[in-house]
Structure formats: structure tokens, C-alpha cells
Amino acid sequence: MPSEPSDPPGLPASQVTFGSNGPERTPARSLAPSVVVAAGGLLLAVISFFFAGDASGIAIAGVVLVALGVSRAISWSVRRYEITTEEVRVTAGLLERTSSVVPYSRVQQVDLNASLLQRAFGLTTVHIGTAGASDSAEITIDALSPPQAEHVRRVILERRRLAQLAPGESAGDAPGPVAAAEAAGPPVDEEATPALTLDAGRLALAGATGASIWLGVAALFGAVFVALSTIGTEGSDLVDVASAASAVVLVMLGLGLLFGLPLLGAGYALLTYGNFRLWVTPEHVRASYGLLSQRRLTVPRRRVQMVTVADNPVRRWLGMASATVQSASASRSGDSRSESSLSVPLLNQEELDWLVTASVGLDRPPLTRRPEAARGRAIRRRLWPPLVLGLVATVVLALVGAPGGVVVAVVLAAVLLCVAAFPWGRASYQRGGYAVSGAGLALGSGVLTHTTWHVPLVRVQSAGTSQSWFQRRRQLASLRVDVAGAARAPQLRDMGEDTSTSMARTLPLSRR
Amino acid sequence: MTEQTLDPRIRVLWVVGGVLGALLVAVIGGVVSLVAGAPGWVVTLVLVAALLVLVFSLLDAFLAYRAWSYLVGTDGLELRHGVLVRRISLIPYHRIQQIDVRRGPIERSLGLSTLVLRTAAATSDASIPGLSEQVADPLRLDLLGRAGGSDAV
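Protein chains in written order, with the working numbering: chain A, 21 to 532; chain B, 33 to 185.
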């Protein structure tokens, strides 16, 4: 039978156990954040009433907020959780009663999340993820006190571990060679020192070199474009001087955004990922981070599906990349990646090697290049669309009788894209590639954002190739590898026809 | 087992789909251009577009039927389909999580079914359209029998 993990010190067991003695509601305190939000809304409405004198606004806002609060309270009052020895059950619904059951053996991931507001009231939400693409593949216990949540997390993970060992499997059957070396480690990973911590400098760098860079570049380009078009307009000398001045201001603004947005990104990353710690134990991969809202994600090692490593030119220049440890519960509709996958903002090469080995038991092999024919394909793939679209657009614009400036701009853009297709396609060919080792598969592709997927062969669910008419002429084909929890399947275009077909035939056949 | 083709009647289903699509283009385009009071050549253009949709979908129905085949192999199911882009898809039996049979209204009247296989990965491409009822049910049972009982995630 499951051996109960010891309760966190300092609290009597009766206050900590939750749902273990029959169906139970979360503490009434868990309604506090929504009460605060409702009260805040009412307050705003009152203020607007006194200062603007609009009585209908307050009435509507009041009714809506009260209705929201009441519905939230009702749904809380009819929702019951039970944590039995075999499964977690949730019963909910006033009119239509639904009951969800998750057996421990099916648990893919357990997360503890606490938003800033929840933290103010000492609350933590527990997310229990299972495989599957729908929202119903997740159970949310909203919300418990931190010790209760921690206890629930431990109980679920420990029972999951035991449930998995049950059908005649030995404990040594863990993924990868690293597990054997670490097998002597403690079963509960709480007190162990983290294997990896990211300091504030690293997090700031992660934020500054992330999406904010592209936004900054886009802002600069936009400002320059607007400035150029301002200067380009016809007018008297007086207007020209004024427009030149405003153009300078615009360019300065663009430059400011180019540097300001990464600064904002750095601040955001510091708040989101602050105090980032990562543990990898024989049983679990666990991350804990967040200065304002706190998140603690735990994926059982045996549930890790793959590790994705992604970089961009700036991070590549620094020799760094971000990584995501993916479980099967990661692909929920809509808010997939940001919500539930375990991502590490920025790692150097040694840390990346370590993470891939530690979490999926693979090394990061050099990628094999695709056949020579793929180079031309990569260029033509980027050359034809701007060529054809540019021609069509030019003809249509000329027929419609568009102003000459517009036609020139379209032609210029098309020519630029066509010229760019050559270095872009060549880079795509050189950076893309594949590697198959005894235990794993690595696929890499992308020019600006380069992504490498590291997939243990036993995690490949199914595979496929696709071959367009153009690829057929050059004996090329694209490979797609289906992995549980991946919203976007690892794939590589323009591999050799025979290589991709034989890989698609053999890769999914590996068994544990 | 050798490579199997779809039931030839699937072409009827796809042709009906093409005709409906062409009708949709003609009706919507026609109504909009009439209401907007567009000149005659716009209406002609709409009709030509509808005709093109019809011709391409008819052509596609026959070519797609010729391109489709599936093979119940020793380790897994192998699907081949696609006209312009040829696709090969492999689904090992031990990865199959769920098998659904789907019958739309036109499929029902033709006595056809679509077999939808699911693995733990949402991106798996694994459904076989155009199976006659004599084929679909035995195939479903056959695949269910081969599907692994173990947790495939």
C-alpha cells in the first residue's frame, strides 16, 4: 500500500489533509480573491457614480458583479473533491452534475500556482494534468492553503509513482542511463538543493533577448517607414522643414523603443521567472519560479515526452537558448504553452546538455545535413511566393490605376524578399538537420528562431511523410513525428525521400 | 495483408461535396453581386469561379480515390493518400488509444463510414474515409484487438 509521505512540519495532520476523508469543499477562503475583485469593481462603479453622475452604469456593474460573485459562490459550494487511494474525483455542477475521475496512473503533471491576489490570502491552486487535448484533461483544485496544496501534490505524485510500479515493473525501469546513476537519491525531492538556479542577470538577459527584441526592431522599422513617408510628401519648403523635424522625432522614438522594449522585457522576465529553480530527481523534473505570481510545476520523469531547445540570432551569438520540458498534458486548447509546460528561460550550452540528458536521457548530437537538393528547394520555397504574388499584385494595381508610389513600394518589397530568399534559404538548409541515435531522435529547423526537438524514440506516437509535387521531382520529402502533448509536431522539410520514409516506418515502433 | 483501396462509392461522396461547394460559390457570389448591382462581367466571373470549383473537385474526387490506400501491416497501420501532396502515415497498433466510427448523412445513405484512430498525440494523421460497412466493422474489431492494452503515453 502507498506509504504516506510525512506531513510538512509545523501543522497538525487534520489541517493539512484535504479530501482524503471523503468528498470535501475547498476552504471558504478560496472565494476571497473573487470577492475582492467584485468589491473593487463595485468601488470603481461608486466612484464613477459620484464623479460622473451616471446612475445606469453603477446599476449594471453592480448587478453583473454581484451575479458573478453569486455564481462563483454557488459553483464553489457544489464542487467536491475526493482524493482516494486510487484516484482523484471531482463532482461539480448545480443543474447538470458532472463527475471527473483521474486515476493516479494517468497523471502527467502536477502544478501549484498562486497569483499575487491568491498569495495575499494564503491560497494556492492545484492543477492536475492528464494526457488529452481538451480542457477536461485537467483537474483544478481552486484553492487550498499552501501546506494543503503541497500535501495534495505529494500524495498524488507518490501514489502515481506506486501505481506505475504496480503492473510487474521494477523500479530500475526508469528512462535513460542517468536514472540508474541517480537511483540512490532520495525519493522525495523537496529538501534537495536545486540542480539549477537562474540569477537575476540571466533572467534579465532572457527577457531582453526574447520576443521584445522583435517588437523593438518592428517598432524601429515602422518609425523609419512613417518618417520616410512624411518626408516623401510634396509640399513647400516650410512644411518640409517641419516634416523633417517630425521625422527625426519619429526615428528617435523608434530607437527608444528598440532599446526600451527589451528593458521592459527584462523587467517582465524578472517578475515572471524570478527566483527560478529547477530540480531533476530520479522521479521528477520540477521547477519553481515567480516573484509576483508563483508557479511550481512537477512532471514525473517517466512522463517527459521531449525537450525543445529554441534560440534566436541574439541568443545564438551569446551561445544560449531557451528550453522546454514537455509533458503529455501540455497541449491544451488555446493557452497551451505558456500555461502548463515547463520552460527554462535561458541556458548556456553546458546547461542545455545537462538538461536534455537529465530529463530525457539523450545527448545533443550534431545534426546530419539534408541532401544537396534540399538547398535549392529551401531557396525556391522562399523565392516563388514573393515573385508570383509581387507580379500579380503589380499587374492588379496597374490595372486598377493605383498611384505610382504604391506600385513602386510593392515592386520594391517583392524584389527585396526575392533577393533575401537566397541567403535565407541557404541558412535554412545549413541549420536544419536530423540525428537518430539508439535511444532518441533530434530534429532541428528554422532560421531566425531555430528549434531543435529532442525526442526519445519510445515517445514517438506515430509518424508521417508528405511529399509535394516539387519535392517529388528532387526525391525529397518532409517528415513529421507525432508526440503526445505537442501542439506543433516536430518536423523537418526536404529530407531524402528514402530516409524520411524509412524513419517514419521505424521510429514509432520502439517500445519501452 | 495487401494494400486495400477505399470503397469506390467514396467518389460519389466527394463529387456531391464538390457540387455543393460550387453551388455555394455560385449562390453566394450571385446574390451578393445582384444585391450590390455589380456589372455583368462580375456575375460571369462568379459563374466561372463556381465552374472551376466544380471541375477541380470532380477531378480531385477521382484522383484522391486513386491515391488512397491503407495497409494493415504486422506492426502498424500504414496510410497513403493525397494528390498534390502525397502523404504516408504510420500508426503503430500499440499506440492506438481510441477508435471511432463516423457516419455523416451522405455517408449513411451510401453505406459508408470513416474510421478515426486516435493516439496520445493530437497531431497524428489517422483516419480512413470511405469504408463500406462490411469492411469498417471487422477492421475496427481487428485494430481494437491489435491495439496494446498498456498505457501508451
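The set of hints was computed from the structure by calculation and includes no laboratory data. As the structure is a computational prediction, the values presented were derived from the model and not from experiment. Cβ atoms here follow ideal geometry from the backbone N, Cα and C, with glycine treated the same way. A portion of the hints provided could be inaccurate.
Stated by the list, open to error - To give an idea of the interface, some chain A residues facing chain B are shown, with a C-beta separation under 10 Å as derived from the structure:
no.	residue
1	Thr377
2	Arg451
3	Val480
4	Arg494
5	Gln495
6	Leu527
7	Pro528
8	Ser530
Stated by the list, open to error - Chain B stretches covered by chain A per the calculated footprint, using a threshold of three residues with CB under 8 Å from any CB of chain A:
no.	stretch
9	49-62
10	167-179
Taking the hints in turn, this is what the structure says about them:
1. Because the smallest distance between the Cβ of Thr377/A and any Cβ of chain B comes to about 22 Å, over 10 Å, the interface hint for this residue is violated.
2. Interface hint status for Arg451/A: violated, as the beta-carbon distance to the closest one in chain B is roughly 23 Å, over 10 Å.
3. For Val480/A, the shortest C-beta to C-beta distance to chain B is roughly 8 Å, which falls under 10 Å, so the interface hint holds.
4. For Arg494/A, the shortest C-beta to C-beta distance to chain B is roughly 14 Å, which exceeds 10 Å, and the interface hint is violated.
5. Checking Gln495/A against chain B by beta carbon gives a least distance of about 13 Å; that is not within 10 Å, so the hint is violated.
6. A hinted interface residue such as Leu527/A counts as satisfied when its beta carbon comes closer than 10 Å to some beta carbon of chain B; here the least separation is about 8 Å, so the hint holds.
7. Look at Pro528/A: its Cβ gets to within about 5 Å of chain B, closer than 10 Å, so that hint holds up.
8. With a cut of 10 Å, the hint placing Ser530/A at the interface with chain B holds, because the nearest CB-to-CB distance is about 9 Å.
9. Counting residues of the stretch 49-62 of chain B whose C-beta lies closer than 8 Å to any C-beta of chain A gives 0; at least three are required, and the coverage claim is violated.
10. Only when three residues or more bring their CB closer than 8 Å to a CB of chain A does the claim for the stretch 167-179 of chain B stand; here the count is 0, and the claim is violated.
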